[in-house]
Amino acid sequence: MFAFLIKRLLWLPILLNAVGIITFALGLYGPGDPVEVMLGPRSNPEAVARVRRELGLDRPFFEQYVLYVDRALHGDFGESLKYRGQPVGELITKRLWVSLQLNLASLALGMALGIPLGILAAVRHNSWMDFLIVAVLVAIISLPSFTITPILSYIFAVQLKVLPAGGWEGLLSKKAILPVIILSVGPAAVFMRQTRASMLEVLGQDYVRTARAKGLSSRVVLMEHAFRNALIPLSTIFGLILAGSVTGSFVVENLLAIPGIGALGVDSLFSRDYPVIIALTLIIASSYVLANTLIDLTYQYLDPRIRIH
Amino acid sequence: MGLRRSRTLEFLGHFSQNPLAVIGLGLVLMMVLAGIFAPVLAPYSFRAQDLNAVNQAPTWAHPLGTDQLGRDQFSRIIWGARTALIVAPATVAISLLLGVIFGALAGYFGGWVDALVMRLADIMFAFPGILLALFLAATLTPRVDNWLKSVGLGDFVKTGYASFLVVTMVLGLVGWPGLARLVRGQVLVIKEEPYIEAARAVGLTPGRLLWHYLVPNALPPVIVTLSFGLGGAIVAEATLSFFGIGIQPPAASWGRMIIDNYTLWRTYPLLVWIPGIIVGAIQASFSFIGDGLNDALNPRIGR
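Protein chains in written order, with the working numbering: chain A, 364 to 672; chain B, 22 to 324.
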């Protein structure tokens, strides 16, 4: 297991470099010149050339990249091209905290709804209750976020006027209710599906039949024998959603004017704010690797039959 | 033959017992028919504007109302089905091709081939998918357009259909790693089966072995994933279009319809709701079909 951890940790810098180089290349060969975006479409070419030189954007690709990595290793991710004078690190940390609160609250709510519904659906497999739970949750999660957001905003903010339509004043303010509900739909549906699927599989196993035959109460069989074993695949989902919670929701944050990572991502993509895009991509990639490592370790803890190498 | 036939019947029997899967199949069939017969079914052209009738509520003349350029929403929904019908299968085909090739090679050969493919998949997974897709699409669009113009297809670019190429390519490229992992896992299990050993013992080449034995037997769970993938591709296309980078006007796409009228979501909510709900319904249908296929194909689920 120790060797496994070492291997994973050695892999992390390679992966981050690959992700960094790809993003860097896309930025360099991508559409639109960041400097032109910055100075406006009718800027004079000399000014553009001067700013490019100041920012080091006229140097060869590899040199720019090495310079970037060197600075990044010292904690300097450069300056935002759009918000001049703002260090990227600072810009991101502030927003990371917002997205993190929002996503963790949504994950908690999603689990609290999804897991019990999943167990219920599995126990009542093929009954109308099962179909109802699956149909409703899958139908809601299938709505793209750019549809469910305006629908709920219209109902609760425009028509009923009970919730504000956007903005952010911390997790404990009224403004957080709408985004948390919208963002919890995804985790709720995923947890419901996976809980239902693994419960169905586990309930068909011999050891569950044995437990029933021993005369144990159905609650004990369900929770102690079935659910605990159904937990293993749930831990994967938990880990992946947790890893995703630094990402922020690109669409929902954008539409509800929440100053999180997702809104920043879209914003920086459209203003070609490459220093921000690259830093964001690197953060998301590292959290993905770390989460996967944690998932593998949890697996081994939950199911001793699994050995990782 | 008899055995195969009875297995098909058994499969159909299980599938049809799932009411949601059957409803989903019905909706998808409607979309397919709408897409194929769009020119006959749509009362108006997808680009016909009537500036005397903008932002109309549903009427007999316009059953789903009109948008801010006075285009008939119902007709655009039908033409949008054709867009989805082209983009989704093409996207999934590209992902499938890459996923099966990479996954099968990784699973069969193991060693450095496996390491290389899986690490590549890891890198792809580590990217935030939508950001990568937006980025790639934004990078590729002007290049593909210029290339098409340089080979004398400028008129084609003007129709907006050139964007189909970019969207399909980008979403296909972003989608393969999941399939590759799945196929690899299947191949790893199947290659230990006695019949594969037998096939190898009689001297089949790796290519034939992969193509005739390993890949076909690895397919059932892949088929389930493809069903989800088709729905996902439609949503992904709508998302790219929603950010203005996907399907270009005047071509009709459900995502494009939403963004074209997005500023009106408070005053004319139906303009945004209807295409969105249709995207959702189709995505849900593919999920239900996927669930139905899974239940029917997976022998481990107790019935």
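No lab work stands behind these hints, which were simulated from the structure alone.
Because the structure is a prediction, the values reported are computed rather than measured.
In this text, a Cβ means the ideal position worked out from N, Cα and C, and glycines have one as well.
Hints should not be assumed to be uniformly reliable.
Computed beta-carbon distance windows for the label pairs [claimed, not checked]:
| no. | chain 1 | residue 1 | chain 2 | residue 2 | range |
| --- | --- | --- | --- | --- | --- |
| 1 | A | Thr599 | B | Arg287 | 38 to 44 Å |
| 2 | A | Met586 | B | Ile122 | 29 to 35 Å |
| 3 | B | Arg164 | A | Leu436 | 29 to 35 Å |
Here are the simulated EDC-like cross-link-like pairs (lysine to aspartate or glutamate), alpha carbons at most 20 Å apart as the crow flies [said to hold, decoys possible]:
| no. | chain 1 | residue 1 | chain 2 | residue 2 |
| --- | --- | --- | --- | --- |
| 4 | A | Lys370 | B | Asp143 |
| 5 | A | Lys370 | A | Asp659 |
| 6 | B | Lys212 | B | Asp135 |
| 7 | A | Lys445 | A | Asp630 |
| 8 | A | Lys445 | A | Asp396 |
| 9 | A | Lys370 | B | Asp135 |
Hints, verified against the model:
1. A:Thr599 <-> B:Arg287: 38 to 44 Å: 40 Å, holds
2. A:Met586 <-> B:Ile122: 29 to 35 Å: At roughly 44 Å between Cβ atoms, Ile122 of chain B and Met586 of chain A fall outside 29 to 35 Å, so the hint is violated.
3. B:Arg164 <-> A:Leu436: 29 to 35 Å: 33 Å, holds
4. A:Lys370 <-> B:Asp143: Since the Cα atoms of Lys370 of chain A and Asp143 of chain B sit roughly 14 Å apart, the hinted pair holds (cutoff 20 Å).
5. A:Lys370 <-> A:Asp659: 13 Å, holds
6. B:Lys212 <-> B:Asp135: 14 Å, holds
7. A:Lys445 <-> A:Asp630: 9 Å, holds
8. A:Lys445 <-> A:Asp396: 12 Å, holds
9. A:Lys370 <-> B:Asp135: 16 Å, holds
Figure legend: structure checked against the earlier numbered hints; the only hint not met is number 2.
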